[in-house]
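Those protein sequence lines, which keep their order, are chains A and B. Residues are numbered in the working numbering as their position in the first sequence, beginning at 1, plus a constant of 327. Residues are numbered in the working numbering as their position in the second sequence, beginning at 1, plus a constant of 607.
Watch out, some of these pointers could steer you wrong.
Covered by chain A, according to a simulated footprint, are these stretches of chain B (three or more residues, beta-carbon under 8 Å) [unchecked claim]:
#1 613-619
#2 711-719
Straight-line alpha carbon distances no greater than 27 Å define the calculated DSSO-like cross-link-like pairs of lysine-lysine that follow [what the hints assert, rightly or not]:
#3 A:Lys-510 to B:Lys-1023
#4 A:Lys-342 to B:Lys-892
#5 A:Lys-342 to A:Lys-368
#6 B:Lys-891 to A:Lys-531
#7 A:Lys-336 to A:Lys-488
#8 A:Lys-527 to B:Lys-892
#9 B:Lys-1023 to A:Lys-342
#10 B:Lys-1003 to A:Lys-451
#11 A:Lys-531 to B:Lys-892
#12 B:Lys-714 to A:Lys-527
#13 B:Lys-1023 to B:Lys-714
Calculated directly from the structure, the hints in this document are not laboratory data. Yeah, the Cβ is synthetic: ideal placement off N, Cα and C, and Gly gets one too.
Below are the chains, spelled out letter by letter.
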Amino acid sequence: MSQRQLSTKHVLGIKYLNVDDIQLIFDTALEFKEVINRPIKKVPSLRDITVANLFFENSTRTRISFELAEKRLSADVVNFSSSSSSVKKGETLLDTVNNILSMKVDMVVMRHPAPGAPLFLSRKIPANIINAGDGTHEHPTQALLDAFSMRQALNDDLGGKNIAIFGDILHSRVAVSNIYCLKKLGANVRLCGPPTLIPKHISKLGVEVSYDVRKTLEWCDVANVLRIQLERQDIKYFPSLREYHQTFGISKALLDSLDSEVVVMHPGPINRGVELTSDAADSEQSIILEQVENGVATRMAILYLLASRRS
Amino acid sequence: MQLLIKNATIIDPSSPYHHQQRDILVSNGMIERIGEEITAPNATRIDEKDLHVSIGWMDLGAQICDPGLEHREDLESATESAMAGGYTAVACFPNTQPTIHNKSQVKYIIKNTKDGAVDFHPIGAVTEHCNGKDITEMYDMKFSGAVAFSDGKYPITDNGMMLRALQYVKPFGGVIFNHPHDAATAHSGQMHEGMISTSLGLKGIPSLSEELMIYRDLQLVDYTESRLHIHNVSTANGVRLIREAKRKGLQVTASVAVMNLAFQDEALSEFDTNMKVLPPLREKKDAEALVKGLKDGTIDCITSNHTPWNEEAKDVEFLYAEFGAIGLGTTFGLANRILTDQLSLEEIVDKLAVAPRKLLNQDIPTVNIGSVANLTIFQPNEQFTYASDMIRSKSKNTPLLGHELKGKVIGVVNGKYSSFS
């Protein structure tokens, strides 16, 4: 493995990583992708490291992906989720985490509903922290695995490529991280969705905004379709799923009517028939399941690189 | 008891000694002499370099948390904070428990603060429990000592309620303070809506939320011909609306919180919960417009926006942190640092001492022989780094630790009471 190191002690967000960090993560992930496709998938790299997965919000795939990455690296793993936690008894985040750290945990993977919670924690505790999603702020490992997957699908780096992000930008933590990552890698980014789900000032992050799905699909090389986050919508941002699908949904028929073949991505879980129809999600041009595989390799790379900084 | 202030530059346009360097002798709470080379062997001497004296400063809208929320602040600690900040008067908001919404609550504040260097003037609630629905006995409170009416940190959102409140206080020349914040468009916003809020994934409070409320209130003032104070404007468009209203002759005044002059939304880039305040810290163009508004008289006064919170309410994830920062102790040092090239010291003192009293129709003290001593003594050019041992509030929620401030308060005198650092 590479002797290069990350510039940061934590992975709190893409905005705190530089291009060299991102490139290093990609290079390392590529090596781990090869490892997890071997008959013996396990390496001893994190043998003396204990990782706590603290999930203060529901998650299935991100939690499993991290857990698998940690186990493939031979780390000791403890899991904590809010449904079985003392959080509901009124304990503060800091107390919960300090209790777990007293058990000598080296690294923390945390998902939390509050933007900035991992940064807050990084100021308080000595462990390395990986942000597994903080509210509508960042989800850096998702953005890295997305960009890694795009590079593989396009068989090229992302400089000058046109990447479109569709759907619920307002409630998405994936969108902001994706924008930061893609812009750092030199891609052109365009967002497309109903105006009520696109933050008013998002163009100041250097992206374009469109309300026309067809035109955006015609423009892009990759369509990253986001999940409609119904659970985070405290008020109605659009009238019905039916109308959303009619206006902003992507189907195989729509994809087939385009001049060029667009790579289709989705961070999951998909609302089938809402933002993406099943025939589009399962089509040849979809790389959704490769994203999942790359997720494990990317997370292994991040865990490995942070652990190697410790030594 | 005598107090001799040596070689102090007097900042008081109403005094014949304005801009003159003099000794001031205070005896039994009165200014006995102003002159050169005064000697008084038994007097306590205040003799420091660069001493300045003005009338005592007055803050509008501080949260003093007493009664009911004394774990954050009480009348004693609020008094200490105010004195440290150079204030001899504080018009305090009614967001206590119980709310200051009747005569007995008004009297509680006045009675429990009368023996001190800081006069506390309660601002009575407009609606019971600040619930926005049921109008309070404002006549009764007025004649018990309430100086104005407001629901404090809660904006009066109901148009009809605001209309009736403005009408109701008209016969006795009352003034309604409203916090310009439309909760519907600010829906669960955590900070100013802009590029920074977007990049932090935090819901924003658009400038529009303030502008809508100011626009509505100005229409209601026009209709009722009553008096309104727009408490703590933060947007460039808000300043413009107020400027136009004043030109039209509406009876409207406005204030700005010192934090909104000094900081912008970038200050929240690292999720500093002590920078999470209302009105939210906005953009450079807004801060510039606020300074311009101060300069041309659109904005009458500068407030501390003093909002104490216990550690548990602030040292948490940003989303769960309460809005507000303490400020009574640092308003002058921060305002003077920010405004030093743009407003004269006389203008700054006007915004801190004269204008607040004017808009409350209060008598304005003067630095003259034979007057009651109501004085703030300060060194406007003294620079220092704000440190935690300088905090006098019970709560420590200030974003200013480690920041440079310009202008040190030496002490205050209010009649027979005085306090010196």
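Comparing the hints with the structure gives:
Only residues whose C-beta sits within less than 8 Å of a C-beta in chain A count toward coverage, and the segment 613-619 of chain B has 0 of them, not enough to reach three; the restraint is violated. Only residues whose beta carbon comes within less than 8 Å of a beta carbon in chain A count, and the segment 711-719 of chain B has 0; fewer than three means the coverage is violated. At roughly 66 Å between alpha-carbon atoms, Lys-510 of chain A and Lys-1023 of chain B are farther apart than 27 Å, so this suggested pair is violated. Proximity of Lys-342 of chain A to Lys-892 of chain B is assessed by CA-CA distance (about 25 Å); at most 27 Å being required, the pair is judged to hold.
Under the criterion of a C-alpha separation no larger than 27 Å, the hint pairing Lys-342 of chain A with Lys-368 of chain A is inconsistent with the structure, at around 32 Å. A threshold of 27 Å between alpha carbons decides the hint, and for Lys-891 of chain B with Lys-531 of chain A the separation of about 15 Å falls inside it, so the pair holds. Under the criterion of a C-alpha separation no larger than 27 Å, the hint pairing Lys-336 of chain A with Lys-488 of chain A is inconsistent with the structure, at around 31 Å. As the CA atoms of Lys-527 of chain A and Lys-892 of chain B are separated by approximately 18 Å, the hinted pair is consistent with the 27 Å bound.
With a C-alpha separation of about 58 Å, the suggested pairing of Lys-1023 of chain B with Lys-342 of chain A is violated against the 27 Å cut-off. Our distance criterion of 27 Å between C-alpha atoms is met by Lys-1003 of chain B and Lys-451 of chain A, whose separation comes to about 18 Å. Using a Cα cut-off of 27 Å, the hinted pair Lys-531 of chain A and Lys-892 of chain B holds, with the two alpha carbons roughly 16 Å apart. Only pairs whose Cα atoms come within 27 Å are accepted, and Lys-714 of chain B paired with Lys-527 of chain A is rejected, the gap being roughly 48 Å.
Pair hint Lys-1023 of chain B plus Lys-714 of chain B holds up; C-alpha atoms about 22 Å apart against a cutoff of 27 Å.
In this structure, the earlier hints numbered 1, 2, 3, 5, 7, 9 and 12 are contradicted, and the remaining ones agree with it.
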